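Participant: Take these sequences, add in the hints, and give me the full structure.
The listed protein sequences derive, respectively, from chains A and B. Here the working numbering = 1-based position in the first sequence + 4. Here the working numbering = 1-based position in the second sequence + 9.
Hints were generated in silico from the structure; no laboratory data involved. What you are looking at is a predicted structure, and each value in this text was computed from that prediction instead of being measured. Where a beta carbon is used, it is the ideal one built from N, C-alpha and C, also for glycine. Be a bit skeptical, because a hint or two may be false.
Unchecked claim - Cβ-Cβ distance ranges computed for the label pairs, FRET-style: (1) A:D31 <-> B:I385: 23 to 33 angstroms; (2) B:E567 <-> A:S506: 47 to 57 angstroms; (3) B:M550 <-> A:P339: 50 to 60 angstroms; (4) A:D517 <-> B:E567: 20 to 30 angstroms; (5) A:S89 <-> B:R305: 50 to 60 angstroms.
Claimed, not checked - From the derived model, a few chain A residues whose C-beta atoms are all more than 10 angstroms from chain B: (6) L33; (7) I123; (8) F250; (9) L330.
Stated by the list, open to error - Think about it this way: if two alpha-carbon atoms lie no more than 20 angstroms apart in a straight line, the pair counts; the simulated SDA-like pairs of lysine to any residue are: (10) A:K55 <-> B:R473; (11) A:K55 <-> B:K544; (12) B:K551 <-> A:P339; (13) A:K350 <-> A:S360; (14) A:K122 <-> A:N313.
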Amino acid sequence: LVTVSHSSFVCSQQKELTSKKRDEFEDILEERRLSSDLRYAMKCYTPVIYKGLSPCKPNAIKSAVLQSEQVQYVIKQLAKEMGESPDIIQEEATEILDEMGHSMQLGAVRFFAFTLSKIFKRLFQRVCVNEEGMQRLQHAIQEHPVVLLPSHRSYVDFLMLSYLLYTYDLALPVIAAGIFLGMKIVGELLRRAGAFFMRRSFGGNRLYWAVFAEYVKMMLRSGYAPIEFFLEGTRSRTAKTLTPKFGLLSIVMEPFFKREVFDTYLVPISISYERILEESLYAYELLGVPKPKESTSGLLKARRILSDNFGTIHIYVGQPVSLRTLASGRINRCPYNLVPRHLPQKPSEDIQEFVSDVAYKMELLQIENMVLSPWVLVAAVLLQNLPAMDFELLIEKTLWLKGLTQTFGGFIEWPDNLCAKKAVVSGLTLHSNIARLVDGHVVLNDKGAEDGAVGEIVFKRALAILMCATYRNQLLNVFVRPSLVAVALQMTRSFRKEEVYSCFSFLRDVFSDEFIFFPGISLK
Amino acid sequence: RQELLKWNGWGYNDSKFIFNKKGQAEFTGKRYRLGGMVLPTFKEWIEKTFGASLEHKTTSRASLNVNDVPPSIVNEEFLQDLRATKISYSQDAEDRVFRAHGHCLHEIFVLREGMFKRIPDIVVWPVCHEDVVKIVELACKHNLCIIPFGGGTSVSSALECPEEEKRTIVSLDTSQMNRILWIDEKNLTACVEAGIVGQDLEKQLAESGFCTGHEPDSMEFSSLGGWVATRASGMKKNIYGNIEDLVIHIKMVTPRGIVEKNCQVPRMSTGPDIHHFIMGSEGTLGVVTEVTIKIRPVPEYQKYGSVVFPNFERGVACLREVAKQRCAPASIRLVDNAQFQFGHALKPQVASIFTSFLDGLKKFYITKFKGFDPNILCVATLLFEGDREKVLQHEKQVYDIATKFGGLAAGEDNGQRGYMLTFVIAYLRDLGLDYYVIGESFETSVPWDRVLDLCRNVKERIVRECKEKGVQFAPLSTCRVTQTYDAGACVYFYFAFNYRGISDPVHVYEQIERAAREEILANGGSLSHHHGVGKLRKRWMKESISDVGLGMLRSVKEYVDPNNIFGNKNLL
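Facilitator: Below, the structure is given as structure tokens:
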């Protein structure tokens, strides 16, 4: 790790970041362990809804989408271009919609509430949620259409989020998921729990795009349910936040641009895992082993992880961000006023720029509220001291890193009364598959590799290191800016502000796909 | 006329809302149907809607304090020249203050509690076109600033004198040019002097069996010249057209000379229509002196009507359909629920038990039997005109369409009351001002597909802005669709709030109104449908008509009035 000696910079950052007050967490599993899951699943569920909502069934939405001017326009266009009858294309649109659409049913929701209670209690020690965030969300849902934007580290993300909303009696989100089309039964169940599916790539298919966009917008405009999707597009295999995708975001922003809704709330949600369910899968993937296709049988095989302990999850529901406030003064309204609103319109440059800015802003907000566990610090220290490290030294360095991280505004969940030793030991216990304590030294766990072939030894090592790195990476977000400043200082060997700054900018551009920087904004 | 009208509020001196000794609301005077009637539920409505209370009262000062009025500065040579023309004039303080304002909220507020920084230095009353020519010549000779004044009903700050104007400001009051010069029954046109006010014009034409059919809500006070200068729109435009459809010929005196056409024809292709430089010029180019306007025989039969809809959305859909089928009655308006409730609160005490029983029955039928929610339903008011037979036929057609959108006919009386309220509603602001409630209306035009979104968003924006600006009680934020066109509609917003606890209510009010206008523009609405731009909405002109468009208007101004004699600073 790079330490930073630029004291004035540190000070100003410190003031800004550590003074930010964060909400308290509540464990939602505690209650589950005390009372009946069945009763919980069957509880009277009357979520608060959007004030302007006219209640309707999922099927009504689907037919409204098919009848909409937007979709009809594209159908007519395509019919004209391809010389086919509109009926055939209409048929195609219906199929697309059936493949895509959700059919939320309370029964399925209750089924999930029950099974997920059982599963989550076995997998996780605690699921901690900032209750204030939930209250803010409850408020937001009544006021305007809401878009939930969680970070994406695991498939557990969206299950957990829906579970959470059910627990707090909030409207279940409809989720844009690019997955599970291969899993018949589970797919159908998820569909009934409110997931809708999108093909992973449909760039060229105008009909698909039109149907999909209109489906999302229809649900948003009517305030039918919160809409949830992942800005990162896919699960980050490295625990670094991936650069955002803009397609879905611009779809959900469009009703506001066209003033079909008064405002839209964007809610960044940070979900942090002490131990990621897919940790070893990710490491395999990074080593080039192909990703197993999602299938129901695969899921059944994965049962064995149920016996494992995956520690604590922290879910931080951020402050809902008003799109209207973000857009104020930034959007030239003319383009939307001069074309009928149902015509597909390529977003103007300033709109594109705005969407991108919002995407980055949301990801930065996610990052800001990511919770770092002590293990993250341990992993970072350990990786600097391979192959083995003295336990006492590890504790000492971890403590030092803790201080540094907090100085830079990292959000470390470290119970006040917990001594460093206990924290490190508990981290090691939880991650015994990665590292363990041997004779007062902490070593990477490469069990089973001792007597294997050389290739296998290397592979096992790499696996352990990659997993370790995944946890360390969670720290990177905190340190990337000061680190770049430090590197810039070293490279320029000068203390002239402009030179350092231009070098910093250069570095930032180089790494712009690697880390999340707000586009175009200079160092403040 | 000045003596008949309030000096610090809307309309006639004898007509106003008051609370009588029993604490009940009452409308005074005999000019309106509501006159002399007690309105038993109105007080409660005010208290409930605004959180206002009768105990908290502010009063305007009783009369103008002449000592506050800026002095009249007029150059003696000009006065000598003016006297030579025998045109009457006045430098009296009251006369000058009366012509220093329109009816924007801030203007009325100033009248009640302060004084304008700049007012006209002299008022002149030409009695004919030639007088105007002389005045404009004198103004050019002495480099004075002329501000034409018609009915004084502007709501766009168009009549306010620019503070920085150093020249003598001449208020050119057209009110004495109020004759009908001739009526041409063969071509159904009339040539009228521009100072005539709407109601006099209709009254005098009616003596010969004609009407113009142009009835803006301000028609009791606004003038023909003012209509031309602001591109006015009348309630019955569906039959008679807006001012631009009615006008056949305009004579205008400018510093460059007189502008007019060589003939009075229904249409001509001679380049861009010069009338369109004049209409909407808001007094920046010259004075309109004579207008030839289309007339029609007074209709044989008039019938009011009203329809109740389960909600505003259905109501708008119905109006859209009516417009599509091009069968709009002379007037069709749709008020939202808040205005429906307001109209309800203005119901006079019923004369007999029988009427009250009937009312109860009607209410029961609509809310219980038909399942309309009284807090959601909305009402359309209708006015049909023409041959008796055709009216009845037309009426049936419209009611049939309404039925398709869930509408229920709600009687002639409700319709008529609705239109009567249009004139009376303007008096309400003065009552509100006495009880810490300020408010105003503003309008826009918008394509059909955006009507609902615009109405919802603007109302919501107003509520939010009030909250943000520290207004303690939720405001009244309501709208109505007042005109239908092939491609869109005109929407009117009323907005009022209780300002107790706010130190600078007018400023807060203006900020909110500005935000509401921003919202309108963002929703694809226009800067104005018929109120005009004045000085109030100038900041959005560039956005509205583009740089080049603005340049075109500027170049006309530069040619016609290079020395900015008509320096009211409106529009550009």
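Participant: Which of the listed hints are not met by the structure?
Facilitator: 1, 3, 4, 11
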